[in-house]
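Undergrad: Here's the letter readout for the chains.
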Amino acid sequence: MERSFPREIELLKQGEGRMFYGEGILAVTKALLQSGVAYVGGYQGSPVSQLLDVMVQAKGYLDTLGVHVEACTNEASACAMLATSVNYPVRGAVTWKSIVGTNVASDALSNLASAGVLGGALVVVGEDYGEGSSVIQERSHAFAMKSSLCLLDPRPELAQIVRIVEHAFQLSEAASTPVMLQLRIRACHLQGSFVCRDNVAPALSARHPTASAPPHNPGRMSHPPHTFAHERQKVGERLPAARRYIVDHGINETLAGDIAGAGLIVQGGLYNTLMRALATADLVDERGRSRLSILVLNATYPLVPEQVSAFCADKSFVFVLEEGHPEFIEFEISALLARSGSACAVRGKSTMACAGEYTGEALLRGLERFIDECVPALSCVPAAAWREEIDAVRARASALLAAPVPARPPGFCVGCPERPVFGALKLVERELGPRHVAADIGCHSFAMFEPFLLGNSIMGYGLGLASAAGVGPMSGKRPLAIMGDGGFWHNGFLSGVVSALKNGADGVLLIFKNGYTSATGTQELISTPSAERRDEAGGASATAGDHAIEDVLRGAGVKWLRTVHSYDVAAVKAVLRRAFTTAEPGLKVVVAEGECQLERQRRLVSWTARRLAAGRRVMRVRYGIDEEICTGDHACIRLSGCPSLTLRMPADPLRVDPVSTVDAGCVGCGLCGELAGAAALCPSFYRVEIVSAAPAWERFIARIRSWTVRALLPA
Amino acid sequence: MNPASDSRATAGSREPLSLLIAALGGQGGGVLTDWVVQAARADGYTAQATSTPGVSQRTGATTYYVEIVTGTDAGARTPALALMPLPGRVDVVVCAELLEAARMLERGVVTPARTTVIASTHRVYTTREKMERDDGRFDAERIIAAVRSLARRAVLVDMEAVRARHGAAISAVLFGALAGSGALPLSRAACEDAIRAAGKGVAASLAAFGDAYARAESPDGLPSEDPGGPPAPPAVDDVPLPMALARRIAALPPLVCEYARPGARRALDYQSDRYAQRYLDRVERIARAKVTAGRSPPPAEVAREAARYLALWMCYDDVIRVASRKARQSRLARIRREVAAQADDVVRIYDVFRPGVQEIAAILPRRIGAWLAQRERGDVPASRGGSGLRLQASSVAGALVLRFAAALRPLRPHSLRFAQEQAAIDDWLGVLEGMLAADGRDASAAALEVARLPRLIKGYGDTQARGREEFNHLLDAGRDGDAAGFLRAQRARRDAVASDCGSRHGATHASSPRAQPVLWAKRPPV
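These protein sequences, in sequence, are chains B and V.
For the first sequence, our numbering begins at 1 and goes up steadily by one.
For the second sequence, our numbering begins at 1 and goes up steadily by one.
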């Protein structure tokens, strides 16, 4: 794993009255333990990876509580775990990145919601939306509505988030309904504080197992005829119970302001940003309270019609601030006000931008329009002045900078084993021409950016090969499908490989065997090299010895299978070329093996220190470029894009363009040398081997050689 | 800008102070954020921080945001702290790299009324900037000027150089500059305690912190340090020029001398005294070319540029030059320094060569070379397989091979490529003369551009071939003093480059299609 969490684990152990200082997602983790959760599962992904990572590393402590933790293969298997709470009175929680994880989990989620739960079941979703997001922009809200789940969207303040998590389990039990807790990216990474309570060891758990199987109750199974009853229960019993709980326990908050006639209804998660926008528009009083009344929806589904009607009763206009498209809450409020014959008019997306994150700026611009149209008694001068100031500042900045600032998208790390494979692919493209590349989710998606600019579609995690199924038969050239080992185990083996074999597809699949789910923080896979193997590998790639992926592929019936070390550019090139051109029909799989450089470097630091301390020989490798020989055409950069391969101005006054240079960040992966050979680049590259603590004989020979060479060469 | 007394933040305000940190994934922005929050809490303030790392952790641009409340009124609600910056309401922007500062300006978060900018002046180039064939770097001076113009106060220091001096992470330098600037009311003791509490590399971090603290204390920040990295070695050995050459150079217009002097030295070092004389013959030919009157830019400027590119072109890269540059004691010593090898370390240096048939043919005598080159031309792409030759320059055998190759220098004037390059150079100079003699407003501008045209020729293999193709295309457009035609062709090339930027780096004018092998793959039975 990329990070270790000793400090965080200590925070989880804190008891009653102690102060917790830490991130939002860790606060949720602590709240789960305070709620007496008996099992936790999930699938990693920003922004909720940490919940599961910390839990996995805290196994020792969790065993003492009897909490079972499972790092699941995908979100569907995580969600299916919640079935435990269908038959047993135990609380469970799972987590994943949404919208994508919710999509994967949705089959299990529907079945779970239909059956209903006995013990509290909580799904913590990281709403990966807006700045910093790495997925498609959709809302988890739709899933809550279609499956009749309760959806909580707490005000982003740690004490409030913890309070809402604890309520979530009670709400789930009161309404026999799974609850979804939605946290935006910034709320997950929010550094704040709250006062702890003691952790609760679950009554029924891994430590205190049940002696008997539950009685057979077909009403708890999602199968006709019971599914028809489930639907009636959702509408007739569960949602009404949820609404009662929401009102009785003050989940939503009404904040009264002094301005009559208009109010704001906001998702809890947007509350803080809204307050900043209101303050800038001069709409808060001297005690920091909003002058417009606000209904804060910490529970965004189901809404409580009576609560909304009561809030709107004395108002002519209500402004619904709801992030993302479509505007489900606004539609629902409009409908329920219309049904009740209310005179209150609803503003929302008509006044705000329809798409995109509700930043402070977006809210402020929207508020100005709302006030202008609906509350003419109020001044919108402060908001307008702010807007004009910012527009002017931006215009000045653009004029001063003269050109748009180049984007800096994420890219492959220094020494990443995926870079050489894409470099090789570019070289093969030069010979055979471009072909359709069905890309996938993972670090390898970065090949879509400079310098590789490769890929034609992304259909989801592990779906690279499946997304090429229709392309192959209509392409003159075999398409290339890409998959990481993370995607392969997440579902790619079944959805891609098995499907291609079953249909006799003719195509090429490239699998990156890096050993971890690297993009999400190098969590472990079934094919991750064992600790012993990593220790033995030392400076070498530890993934070479694991054959889980190859074994599975062979077992399923893949005939054409080649594993190649990813840093050997010439070999990768030859294998890809062969896969593209061989007359052999069927699926051709190329496994590019090379351990994730982040993990290798983490290991190397302590390995090198240990060896040097013991006085044992250690060799490190660096690459360099002779400035006078580099022609400054940057062809090497166009094939590599390594962060440590960069530019500098040569000392030669005659030269005009910057030359390439290798900075101190080089980890000596060898790609520069490989490319210089395979792509016929300029001969300016050199490889340096630095041997520390060399044995006496090696140093002796080196000294003799050095004297001779010095005698041979001019100064 | 503002006096120092005015720029130090004071505690006690109920409106939160806001801090935005812009960094690259992996630069330690998260560590810096943690330090700021801890120091603020230790000083008795309420602090909240958040971020959006995600996949941008993998070398992408990312931001961290902190709000600090320094005072609360009795009876007031604890203010709701925002999770994202609102332009116009940001007090401090800390940038771990210069382009990220430009990005913050572009986003409008830096306002003259409010924002202190603390930025490192060093650059980490984006891939887009690096991959351009010429020079795609964003203008750093422009960014610095823009920051100074838009910020309420700017503290600009090369934090990478400070970091390197102390062997610390850049986050410690940024933290020191932030604390020293006084833009946030953080006590130095609280900041240093936060660093100590982190428990890793404490001594180095504290040293870097202290260094940056002192720099930022001065009201406008100190001028930036020299850019990092060891000074590059002089390109041409500093031998005095022979008298005959020096006299000829002195007779040239002063503007032209600027490049003619290093140019002649380069030609001398590359081949011989005679070759340097030939270089000066050509420079004089342009410097004294017949020109139409009243030109702007003046002809001397054209001659100066021609002298520069002529020197570079005449000293083209071949196996002999590469070997002679590589086979030097000073080089081996420089590399040892670069990789920070200890005295006891054994260092081995391997050069990666891949002399293709074309490169070998280039240094062979004309006839044999031409025959070999002809034999190899055709269906073999320039970039076909093979992993190249690794030669250990630090070994006896390697040094001997390099010395042997360098010793082929006297044979160079008889080689195939030498003849080809001299002919091409004279052709170019002819076109340049034509342009200088031509009439019209365009001709002056076109002459300067023709003088700079050899910039297109560089690299090896495909890159070299593509550059030559473009060069010849433009040169042909400028024959017979056709200034308008030349400029039109050049504009078309620029447009092609611009439209090509977002897609693939391929040919930049309508080049003739190259041969592509056709491969047949059998379809599986349906």
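The hints are simulated quantities; they were obtained by calculation from the structure and are not laboratory data.
All figures in this text were calculated on a predicted structure; none of them were measured in a lab.
Glycine is no exception: its CB is placed at the ideal position from the N, C-alpha and C atoms.
Some hints here could point you the wrong way.
SDA-like mimics (lysine to any residue), calculated; alpha carbons at most 25 Å apart, straight line [unchecked claim]:
1) Lys13/B x Arg479/V
2) Lys200/V x Ala190/V
3) Lys200/V x Ser187/V
4) Lys13/B x Gly199/V
5) Lys200/V x Lys559/B
6) Lys200/V x His547/B
7) Lys59/B x Glu166/B
8) Lys502/B x Gly538/B
9) Lys477/B x Gly521/B
10) Lys200/V x Glu166/B
11) Lys200/V x Lys477/B
12) Lys13/B x Arg41/V
13) Lys59/B x Ser4/B
14) Lys200/V x Glu388/B
15) Lys200/V x Gly538/B
16) Lys502/B x Gly521/B
17) Lys200/V x Arg41/V
Not everything, but these chain V residues come out facing chain B in the computed CB check (under 7 Å) [as the list claims (entries may be wrong)]:
18) Pro298
19) Ala300
20) Gln392
21) Tyr460
Undergrad: If a hint holds in the structure, say so; if it does not, say that too.
TA: Each hint, compared with the structure:
Pair hint Lys13/B plus Arg479/V does not hold up; C-alpha atoms about 82 Å apart against a cutoff of 25 Å. For the given pair, Lys200/V sits about 17 Å from Ala190/V by alpha-carbon distance, which is consistent with the 25 Å threshold. Of the supplied pair hints, the one linking Lys200/V and Ser187/V holds, its CA atoms being roughly 21 Å apart against a limit of 25 Å. Between Lys13/B and Gly199/V the alpha-carbon distance is near 22 Å, which keeps this suggested pair within the 25 Å criterion.
Restraint check: the Cα-Cα separation between Lys200/V and Lys559/B comes to about 51 Å, which exceeds 25 Å; the hinted pair is violated. With a CA separation close to 38 Å, the supplied pair Lys200/V and His547/B exceeds the 25 Å bound. Using a Cα cut-off of 25 Å, the hinted pair Lys59/B and Glu166/B holds, with the two alpha carbons roughly 22 Å apart. About 41 Å separates the Cα atoms of Lys502/B and Gly538/B, which puts this hinted pair outside 25 Å; it is violated.
Annotation: proposed proximity of Lys477/B to Gly521/B is violated, straight-line Cα distance about 36 Å (limit 25 Å). With a CA separation close to 36 Å, the supplied pair Lys200/V and Glu166/B exceeds the 25 Å bound. Of the supplied pair hints, the one linking Lys200/V and Lys477/B is violated, its CA atoms being roughly 54 Å apart against a limit of 25 Å. For the given pair, Lys13/B sits about 22 Å from Arg41/V by alpha-carbon distance, which is consistent with the 25 Å threshold.
For the proposed pair Lys59/B and Ser4/B, the alpha carbon gap of about 13 Å is at most 25 Å, so the pair holds. Taking the CA atoms of Lys200/V and Glu388/B, the gap is about 46 Å. The hint is violated against a cut of 25 Å. At most 25 Å may separate the alpha-carbon atoms for a hinted pair to count; Lys200/V and Gly538/B meet this at roughly 24 Å. Between the alpha carbons of Lys502/B and Gly521/B the distance comes to roughly 34 Å, so the proposed pair goes past 25 Å and is violated.
At most 25 Å may separate the alpha-carbon atoms for a hinted pair to count; Lys200/V and Arg41/V meet this at roughly 21 Å. Evaluation of the Pro298/V hint against chain B yields a violated restraint, the C-beta minimum of about 20 Å exceeding 7 Å. Because the smallest distance between the Cβ of Ala300/V and any Cβ of chain B comes to about 17 Å, over 7 Å, the interface hint for this residue is violated. Nearest Cβ of chain B to the Cβ of Gln392/V: about 9 Å, over the 7 Å cut. The hint is violated.
Hint status for Tyr460/V relative to chain B: holds, with the closest Cβ pair at about 5 Å, below 7 Å.
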